[in-house]
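Hey, can you work out the whole structure from these sequences and the hints?
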Amino acid sequence: MRKMILPIKLLPTYNLSPQHARFFSVFFPFITHLFHTLYTTINNDTSRGKRMFYKYIIISLLLSSLLLTKELGLENENIRIKTIDTKGKVVYTVIKQDIPEVCKKVPINNTMLWTGNYANVKVPEVCKSTYVHTVGNILPVQLHEDITTYGELEVLDFMKQMQSDDSMMLIDACKEEWYEYRTIPGAINMPFHHFKERESYEFEFEDHLRELGVYGNEEDDTLDFRKAKTITIFCNGPWCSLSVSMIQALLDIGYPPEKINWYRGGMQRWLEASMTSTRK
Numbered sequence: 001m002r003k004m005i006l007p008i009k010l011l012p013t014y015n016l017s018p019q020h021a022r023f024f025s026v027f028f029p030f031i032t033h034l035f036h037t038l039y040t041t042i043n044n045d046t047s048r049g050k051r052m053f054y055k056y057i058i059i060s061l062l063l064s065s066l067l068l069t070k071e072l073g074l075e076n077e078n079i080r081i082k083t084i085d086t087k088g089k090v091v092y093t094v095i096k097q098d099i100p101e102v103c104k105k106v107p108i109n110n111t112m113l114w115t116g117n118y119a120n121v122k123v124p125e126v127c128k129s130t131y132v133h134t135v136g137n138i139l140p141v142q143l144h145e146d147i148t149t150y151g152e153l154e155v156l157d158f159m160k161q162m163q164s165d166d167s168m169m170l171i172d173a174c175k176e177e178w179y180e181y182r183t184i185p186g187a188i189n190m191p192f193h194h195f196k197e198r199e200s201y202e203f204e205f206e207d208h209l210r211e212l213g214v215y216g217n218e219e220d221d222t223l224d225f226r227k228a229k230t231i232t233i234f235c236n237g238p239w240c241s242l243s244v245s246m247i248q249a250l251l252d253i254g255y256p257p258e259k260i261n262w263y264r265g266g267m268q269r270w271l272e273a274s275m276t277s278t279r280k
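Quick note on our numbering: the sequence shown kicks off at 1 and runs consecutively.
In case anyone wonders, no lab produced these hints; they're calculated from the structure.
Below are the EDC-like pairs computed for lysine to aspartate or glutamate, each with C-alpha atoms no more than 20 Å apart in a straight line:
| # | residue 1 | residue 2 |
| --- | --- | --- |
| 1 | Lys-196 | Glu-206 |
| 2 | Lys-96 | Glu-75 |
| 3 | Lys-196 | Glu-211 |
Estimated spans, in silico, between C-beta atoms of each pair:
| # | residue 1 | residue 2 | range |
| --- | --- | --- | --- |
| 4 | Glu-202 | Asn-117 | 45 to 51 Å |
| 5 | Thr-83 | Thr-115 | 36 to 42 Å |
| 6 | Val-121 | Tyr-181 | 26 to 32 Å |
From the three backbone atoms N, C-alpha and C, an ideal C-beta is built for every residue, glycine too.
Okay, here's the thing in structure tokens:
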């Protein structure tokens, strides 16, 4: 089984909060001068004990500076996604993690997280959601050795790249009424049954293939996948098999597995992460 390694660029980076930025704007010249003075003193002082003392001071200052930073991952980057509305107008949606301030103050402990139905009554309503968890099937983490399973950060990175790369496409495999109700901004709807039951949906199937960059060879009636797009497919949640059905149908017709990514968590995990959706 192929190991998946989270790309370095997806790991959290660090950024200063506004308060800390103001702090450094005022005290940075002083800190710079202090570092310079200490460094000069270390080089000029012949006493080994004093040199070690000054080094400890510098290390302490550096560690204190790091403590003034906060994590900033892709989910906080406010990624701008281009979409087309029903009137053909270009609309830009900002994808972000939207956590109410009151929720950030909830203590993270066993009592608050696992009491009763997995959320203490003291947790504000806006900070918790309920999901139906008795539907669907338990699905594996990996569908195929050449198909990459995505989490939320990988989807965000894919969406970010997609804005400047037409060879990438985010696909919602749910039926149209589900897609219209709620989806991830920027996703294209390709209902799974148009692929699974392609003989009954011949027109829709061929239209989807063209969108995917797949064309038929008139001479031998085969499909040409040389310009096939790199796609990420999802549906309603980690229990939802619609995306799996679509992926299997794509593999059946010869779609290159290395050009398929699967967002296993789907809409449920997306919403659990407080990410932007098309429904307010």
